[in-house]
Amino acid sequence: MRVLFVCLGNICRSPTAEAVLRARAPHWHIDSAGTAGWHIGKPPYDPMQHAAKAKGYAMGDLRARQLAVEDFKGFDLILGMDAENLSDIESLEPADGVARIACFTDYVADADHVPDPYFTRDFDGALDLIERCADALIAAELPG
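Residues in the sequence shown are numbered consecutively from 2, following our numbering.
Hint data in this document are derived by calculation from the structure and do not stem from the laboratory. Since we're looking at a predicted model, the values are computed, not measured. Heads up, some of the hints might be wrong.
To be verified - Computed spacing ranges between beta-carbons, pair by pair: (1) Asp129 <-> Asp47: 14 to 22 Å; (2) Ser92 <-> Ile41: 16 to 24 Å; (3) Arg3 <-> Ala84: 21 to 29 Å; (4) Asp97 <-> Asp129: 35 to 43 Å.
Where a beta carbon is used, it is the ideal one built from N, C-alpha and C, also for glycine.
Make the full structure from the sequences, and use the hints.
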């Protein structure tokens, strides 16, 4: 399974989802990107890294990148963190793209998006939701 997580800047939600899913599904190919290019080449936001590290997730080696048209052919699943991300993802989707596109929270019943902790400042809450979504994603995508 090849999964790409996408948020706005690729410094909070999507790299956290990448780190969590890498820890939980190490046999999958996982990456993250942002719809905007503001932070290209930068590591995840320090407060997000701190929250992740407290739960055992290493993110310091990750670097922000922007979503590219090639991603639609290189991944099986592209997951946006909220409706705006999904809209931006869909606007870039080429006619010959193969990736399924969905919202990460589609895998849980009690959330419709992952709130952006860059603005809400709730890094632990975002991480908790990302962990629940990751577990639900793995359960939904396992064969059998």
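Hints, verified against the model:
At roughly 19 Å, the beta-carbon separation of Asp129 and Asp47 lies within the given 14 to 22 Å, and the hint holds. Hint check: Ser92 to Ile41, Cβ distance near 19 Å, so the stated range 16 to 24 Å holds. Taking 21 to 29 Å as the suggested C-beta distance range, the pair Arg3 and Ala84 conforms, at roughly 23 Å. A hinted range of 35 to 43 Å for the beta carbons of Asp97 and Asp129 is consistent with their spacing of about 37 Å.
Hint compliance for this structure: no hint is broken.
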